[in-house]
Amino acid sequence: MIWKFLWTYLTGIFFLYVQLLVMPAFELAGTIPNILVPWMIWLIWSRPRDMALGVGFIVGAMYDVTQPSLFGLSPLTFLLLGMALSEFRKPFEAESKVARMLTLLLANLIYHLVMWLVLGVGHGFTAQLATLNLIAFAYNLVISFVVFWSLQLLSRMRVVIVSE
Amino acid sequence: MIKRYLVPLVLLLVSLIMLIGTEEARTARADLLGRTVFYPFARSISAIQANGELKKELAGLRVQLADQTLRNLALENELKMFSSGTAVAFDTGLVDFEIAEVIGYSGQFQQRNLIVNKGLRSGLRPESPVVSASGIVGKVINAADTYCVVLPFSNPQFQIPVMDRNTSVQGILQADLRGVISMNMIKLGSQISVGDTIVTSNLSRLFPKGYPVGSVSRIKESSDNLFISAELNPFTQVENLEHVFILRKQMGTLATPQGQGARQQ
Chain Z
1139 MIWKFLWTYL TGIFFLYVQL LVMPAFELAG TIPNILVPWM IWLIWSRPRD
1189 MALGVGFIVG AMYDVTQPSL FGLSPLTFLL LGMALSEFRK PFEAESKVAR
1239 MLTLLLANLI YHLVMWLVLG VGHGFTAQLA TLNLIAFAYN LVISFVVFWS
1289 LQLLSRMRVV IVSE
Chain P
0 MIKRYLVPLV LLLVSLIMLI GTEEARTARA DLLGRTVFYP FARSISAIQA
50 NGELKKELAG LRVQLADQTL RNLALENELK MFSSGTAVAF DTGLVDFEIA
100 EVIGYSGQFQ QRNLIVNKGL RSGLRPESPV VSASGIVGKV INAADTYCVV
150 LPFSNPQFQI PVMDRNTSVQ GILQADLRGV ISMNMIKLGS QISVGDTIVT
200 SNLSRLFPKG YPVGSVSRIK ESSDNLFISA ELNPFTQVEN LEHVFILRKQ
250 MGTLATPQGQ GARQQ
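Quick note, the sequences are listed as chains Z and P, same order.
The numbering of the first sequence is the working numbering, which starts it at 1139 and goes up by one.
The numbering of the second sequence is the working numbering, which starts it at 0 and goes up by one.
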């Protein structure tokens, strides 16, 4: 259990570094895609809920250390995402691909809704903010699909040693 | 039920505590965590980002350096063209000339004269000035039908008035028996320095004014302490010449290099 937690935490750290150092290169219309969202979805689908929430919270807090003006927002968002997704996926089968796709959609919707609310309270609910948020939602959704299915593929890979 | 949602509730509470307060308070909390619990992470991220920014700056500076180097090279080339042009380029003005090939020598050592393959039939006369592509060579002292003898400036018998191109300080070009070319009879206190270009003087009745002669390599006082003497590095190496240009006088006079229809050599 501890090893699994540690391994999950390390993957989270890896994704955090990628998010901070690599993803700014993929900026589109002022939007830097957040790959921590698909990573959080993958965590909810592949790890026990409390472990996923705990690791997501820590990684979210670390992420916010680099953007201190909104310190606490990422842990809260990841927590809400984790809770919502873990409740949402319950009626579905464990291997349901449709359910996974729907969670991707839902997670991005919640994430951008929270962002829209927070930025709207801070800077006003303008049409420009709504437009940018929609662009960011679409862009993040595409990135989330790619990252999430890549993670799914990688997590199912096994090293098989055959001795003749 | 409570036990099931205990972890999410605790985390929710903590995240709300982190989030509440003013922006300054949140920044202070983030700063505290960055300096304590998450210090390795925060430090590594800032170090990597600073490294990336420095690399970008370095790349920009390299581009600037390359650009500046290219500009410097272009300027150096311009300077070289200008300085070499002023040092060895000359124009013949309205002076016509004959190209002649050096076919032999007469005399010994520094008193050696050149024999060229053009003579009276080519319209050459004694006292015709002789130049090369680099500067002056000497003058014709004896002309036959098909050849003539040229007295080079390296011969001690050759003397012409010359001057500093920049300051117009006048002197006499002479060579001694050792082969050292000097500009003598320079008035004491004249403005002349090592590296100056020496050209033919406006006082010369043989050469047009401004033909390059050489550059000053050393300055010394004469033995009687009345004049300055400047040793020269001549632009033309007489002993290596294959072809020379023998100038022909037109309309009884030699034009200055500033004349119309100038011809660059």
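Warning: the hint list may mix true and false statements.
Claimed, not checked - Not the full set, but computed from the structure, chain P residues with beta-carbon under 7 Å of chain Z:
1) 6
2) 7
3) 9
4) 14
5) 17
6) 18
7) 26
8) 29
9) 32
10) 37
11) 77
12) 80
13) 81
14) 164
15) 208
Claimed, not checked - Here are the simulated lysine-lysine pairs, DSS-like style, with alpha carbons at most 25 Å apart:
16) Z:1228 x P:2
17) P:54 x P:138
18) Z:1142 x P:138
19) P:219 x P:186
20) P:208 x P:186
21) Z:1142 x Z:1228
No wet-lab data here; the hints were simulated from the structure.
Because the structure is a prediction, the values reported are computed rather than measured.
Glycine is no exception: its CB is placed at the ideal position from the N, C-alpha and C atoms.
Hint check results:
Nearest Cβ of chain Z to the Cβ of residue 6 of chain P: about 4 Å, under the 7 Å cut. The hint holds. Interface hint at residue 7 of chain P: satisfied, since its Cβ lies 6 Å from the closest Cβ of chain Z, which is below the 7 Å cut-off. Residue-level restraint check for residue 9 of chain P is violated (minimum Cβ-Cβ distance to chain Z is 10 Å; threshold 7 Å). Checking residue 14 of chain P against chain Z: minimum C-beta separation of about 4 Å stays under 7 Å; hint holds.
Below 7 Å, beta-carbon pairs count as interface contacts, and residue 17 of chain P has one with chain Z at about 3 Å; its hint therefore holds. For the restraint placing residue 18 of chain P at the interface with chain Z, the shortest Cβ-Cβ distance is roughly 3 Å, inside the 7 Å limit, so the hint holds. The closest approach between the C-beta of residue 26 of chain P and any C-beta of chain Z is roughly 4 Å, which is under the 7 Å cut-off, so the hint is satisfied. At about 3 Å, the closest approach between the beta carbon of residue 29 of chain P and any beta carbon in chain Z falls short of 7 Å, and the interface hint on this residue holds.
The criterion of a C-beta within 7 Å of any C-beta in chain Z is met by residue 32 of chain P, whose closest approach is roughly 6 Å, and the hint holds. With a cut of 7 Å, the hint placing residue 37 of chain P at the interface with chain Z holds, because the nearest CB-to-CB distance is about 5 Å. Hint status for residue 77 of chain P relative to chain Z: violated, with the closest Cβ pair at about 42 Å, above 7 Å. Checking residue 80 of chain P against chain Z by beta carbon gives a least distance of about 46 Å; that is not within 7 Å, so the hint is violated.
Given hint, residue 81 of chain P at the interface with chain Z, is violated; its Cβ is 48 Å from that chain's nearest Cβ, farther than 7 Å. Taken as an interface hint, residue 164 of chain P does not check out: its beta carbon lies about 61 Å from the nearest beta carbon of chain Z, beyond 7 Å. A least Cβ separation of about 68 Å between residue 208 of chain P and chain Z goes past the 7 Å threshold, and the interface hint is therefore violated. About 19 Å separates the Cα atoms of residue 1228 of chain Z and residue 2 of chain P, which keeps this hinted pair within 25 Å; it holds.
Taken as a hint, the residue 54 of chain P and residue 138 of chain P pair is broken in the structure, with Cα atoms around 66 Å apart against an allowance of 25 Å. Restraint check: the Cα-Cα separation between residue 1142 of chain Z and residue 138 of chain P comes to about 101 Å, which exceeds 25 Å; the hinted pair is violated. At roughly 12 Å between alpha-carbon atoms, residue 219 of chain P and residue 186 of chain P fall within 25 Å of each other, so this suggested pair holds. At most 25 Å may separate the alpha-carbon atoms for a hinted pair to count; residue 208 of chain P and residue 186 of chain P meet this at roughly 20 Å.
With a C-alpha separation of about 22 Å, the suggested pairing of residue 1142 of chain Z with residue 1228 of chain Z holds against the 25 Å cut-off.
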